[in-house]
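Got chain G sorted already, so can you dock chain R onto it with the hints?
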Amino acid sequence: GAGVSQSPSNKVTEKGKDVELRCDPISGHTALYWYRQSLGQGLEFLIYFQGNSAPDKSGLPSDRFSAERTGGSVSTLTIQRTQQEDSAVYLCASSLSWNTDTQYFGPGTRLTVL
Amino acid sequence: AQSVTQPDIHITVSEGASLELRCNYSYGATPYLFWYVQSPGQGLQLLLKYFSGDTLVQGIKGFEAEFKRSQSSFNLRKPSVHWSDAAEYFCAVAWSTSGTYKYIFGTGTRLKVLA
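These protein sequence lines are chains G and R, in that order. Every letter in the first sequence is one number past the one before it in our numbering, and letter 55, counting from 1, is 55. Every letter in the second sequence is one number past the one before it in our numbering, and letter 71, counting from 1, is 71.
Think of the hints as simulated: they come from the structure by calculation, not from any bench. Just so you know, not all the hints are guaranteed correct.
[What the hints assert, rightly or not] In silico negatives: residues of chain G with every beta carbon more than 10 Å from chain R:
(1) N10
(2) E14
(3) K15
(4) R22
(5) H29
(6) G51
(7) T70
(8) G71
(9) V74
(10) Q80
(11) L91
(12) L96
(13) T102
(14) G106
[As the list claims (entries may be wrong)] Quick look at which bits of chain R chain G covers, simulated, 3 or more residues with Cβ under 8 Å:
(15) 44–50
(16) 103–115
All residues carry an ideal CB built from backbone N, CA and C; glycine is no exception.
Extracted from the complex, chain G is given alone in its bound form (with noise of 0.2 Å):
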């Protein structure tokens, strides 16, 4: 079947500035995690959904940050009030279940905030 999807491929927005990132994970999968990538930095944890249970928001840089998944599936990454220090990749996986099975990445939506 198809892999992780994320939209958009690429997000510009202004400082101050609301945004939502979607991702669509692999059908079947119950765990899903989202990460940003800074240029020249490895990959940084934000948050994870495993199946129904309460998310790990321990990775959330800030409280402009959240997440949530509906239905188990689909899932948005919303940040308030962008900076421009939240310009990064950020990318989305999804695996089989929450332990150590294989993460499946999406592409990334790239988001530049001026």
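Then chain R, alone, in the frame of chain G:
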């Protein structure tokens, strides 16, 4: 605190030469260890992973990695590099804590292959 270090930011090798990418981790016990590759314009793809057992792990595309507990290392190797191996490589560790799992990725090593 747990950490992952990839000491080489850039590595350049000639096609056909051998390759070793270094990864060191800091964790009190044996974590779960992974190598991912990110090719230009592509998403990250798992190359291999180590959970337990044989410390030499075989992966896709001819890659292997060896877990050395005494050195807290999980270096990635390939005996003969192909031009298509040019990409960025990420080492990652995961560990179980309080009924959940945590993941940390290294900052990556960018591989350039000379024809």
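Going through the hints against the structure:
The claim that N10 of chain G lies off the interface holds: its Cβ sits roughly 13 Å from the closest Cβ of chain R, which is beyond the 10 Å cut-off. Once the 10 Å rule is applied to beta carbons, E14 of chain G is consistent with being away from chain R; the minimum gap is 27 Å. Every CB of chain R lies more than 10 Å from the CB of K15 of chain G, the least distance being 27 Å, so the non-interface label holds. At roughly 15 Å, the least C-beta separation between R22 of chain G and chain R is larger than 10 Å, which holds for a residue marked as non-interface.
Under the 10 Å C-beta cut-off, the non-interface status given to H29 of chain G relative to chain R holds; the minimum distance is some 14 Å. Once the 10 Å rule is applied to beta carbons, G51 of chain G is consistent with being away from chain R; the minimum gap is 12 Å. With a least beta-carbon separation of about 22 Å from chain R, T70 of chain G lies farther than 10 Å from that chain, consistent with its non-interface assignment. For G71 of chain G, the requirement that its beta carbon stay farther than 10 Å from each beta carbon of chain R is met, with the minimum near 22 Å.
Taking the minimum C-beta to C-beta distance to chain R, about 18 Å, the non-interface status of V74 of chain G holds against the 10 Å cut. No Cβ of chain R comes within 10 Å of the Cβ of Q80 of chain G; the nearest lies about 25 Å off, and the non-interface call holds. The beta carbon of L91 of chain G sits about 7 Å from the closest Cβ of chain R, which is not more than 10 Å, so the claim that it is off the interface is violated. The beta carbon of L96 of chain G sits about 13 Å from the closest Cβ of chain R, which is more than 10 Å, so the claim that it is off the interface holds.
Interface exclusion of T102 of chain G from chain R breaks down, the closest Cβ pair being 5 Å apart, not more than 10 Å. With a closest Cβ-Cβ approach of about 6 Å to chain R, G106 of chain G is found to fall inside the 10 Å limit, against its non-interface label. Counting residues of the region 44–50 of chain R whose CB lies closer than 8 Å to any CB of chain G gives 4, which reaches the minimum of 3, so the coverage claim holds. Counting residues of the region 103–115 of chain R whose beta carbon lies closer than 8 Å to any beta carbon of chain G gives 6, which meets the minimum of three for the stated coverage.
Figure legend: structure checked against the earlier numbered hints; hints not met, in rising order: 11, 13 and 14.
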